[in-house]
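Novice: Listed below, chain by chain, are the residues.
There are 2 protein chains.
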Amino acid sequence: MSIASDLIRGNTDMIILAHLSRQDSYGYEINKMIQQASGQRMELKEATLYGAFRRLEEAGSILFYWGDEQTGARRRYYRITAAGRAALEQSIKDWTEAKDIIDSLIGGKENDRQD
Amino acid sequence: MSIASDLIRGNTDMIILAHLSRQDSYGYEINKMIQQASGQRMELKEATLYGAFRRLEEAGSILFYWGDEQTGARRRYYRITAAGRAALEQSIKDWTEAKDIIDSLIGGKENDRQD
DNA sequence: AGTAGATACATCGTCAGACGAGGTAACGTA
DNA sequence: TACGTTACCTCGTCTGACGATGTATCTACT
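First to last, the protein sequences are chains A and B. Taken in order, the first sequence gives residues 1 to 115; the numbers are from our numbering. Taken in order, the second sequence gives residues 1001 to 1115; the numbers are from our numbering.
Worth flagging that the hints you see were computed from the coordinates, not collected in a lab. For each residue, glycine too, the CB sits at the ideal point set by N, CA and C. Be careful, since some hints might not be right.
[What the hints assert, rightly or not] Here are some of the chain A residues that sit facing chain B, going by a computed Cβ distance under 7 angstroms:
hint: 1; residue: Leu-7
hint: 2; residue: Gly-10
hint: 3; residue: Ala-18
hint: 4; residue: Glu-29
hint: 5; residue: Ile-30
hint: 6; residue: Ser-38
hint: 7; residue: Arg-41
hint: 8; residue: Met-42
hint: 9; residue: Ile-102
Let's have the full structure, built from the sequences with the hints guiding it.
Specialist: Quick look at the structure:
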């Protein structure tokens, strides 16, 4: 993974919800989609991923159902809830604001005296 | 503070270095500048701030000297080093990349099937 | 048949950063 | 004298990311 953990931190839930807002999915697939969509630059570790699922479920943002695969390992599918969509929207707003603030803080805005 | 801790996380060092890259400063003032520059939307707690100074000093990104105030509390001034400027540049690159990746992950790019 | 690799889920313990709560000290001012 | 501001510092807690490890099923190769 090329992106630092601390820069992902706090954004995993939003990223997962964003994927689930497009279609139901399961852990393994979500992770592959993230890797692919980021051009292999980002990968959530399994412990991170399943930890996020637990949090999101407890928060009522997602619910799950077992897939009916006749073959292969069982799949735990997740679906985003209405509350989850609301949380996603809020997360995106927060992220957008945080981005702006941080950019303005590093961006210079040569407001102060420069000796 | 309106911005969530986890969205700041990993960016405090960069923000502090960015300020020090413009002028030497001390803890209390840096914090005030951050609050002001963010329109009161962001504030580092003291424990966070001084923790960051310790890290940055250990990493050789900053050094300090005592101010020669004749009056009032003493001030521990920080100056960014050459290594610190390099670290800042790298941090900004990493942040820019992380921003892009996260934005692309939530932004949609309706690439996949939508049932 | 046996072995390796991919698919798929799950948990435990560790680490690091943010922060709440607390402390020290000097100064101005009411 | 007591309070508010400036200024620095530390300890302990919480949370999220992750390394390590374990389970089970299927496919491919030998």
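Novice: All the hints need checking, so say for each whether the structure fits it.
Specialist: Results for each hint:
no.: 1; hint: Leu-7; result: holds (4 angstroms)
no.: 2; hint: Gly-10; result: holds (3 angstroms)
no.: 3; hint: Ala-18; result: holds (4 angstroms)
no.: 4; hint: Glu-29; result: violated (10 angstroms)
no.: 5; hint: Ile-30; result: violated (11 angstroms)
no.: 6; hint: Ser-38; result: holds (5 angstroms)
no.: 7; hint: Arg-41; result: holds (6 angstroms)
no.: 8; hint: Met-42; result: holds (5 angstroms)
no.: 9; hint: Ile-102; result: holds (6 angstroms)
Hint violations for this structure: numbers 4 and 5, all remaining hints satisfied.
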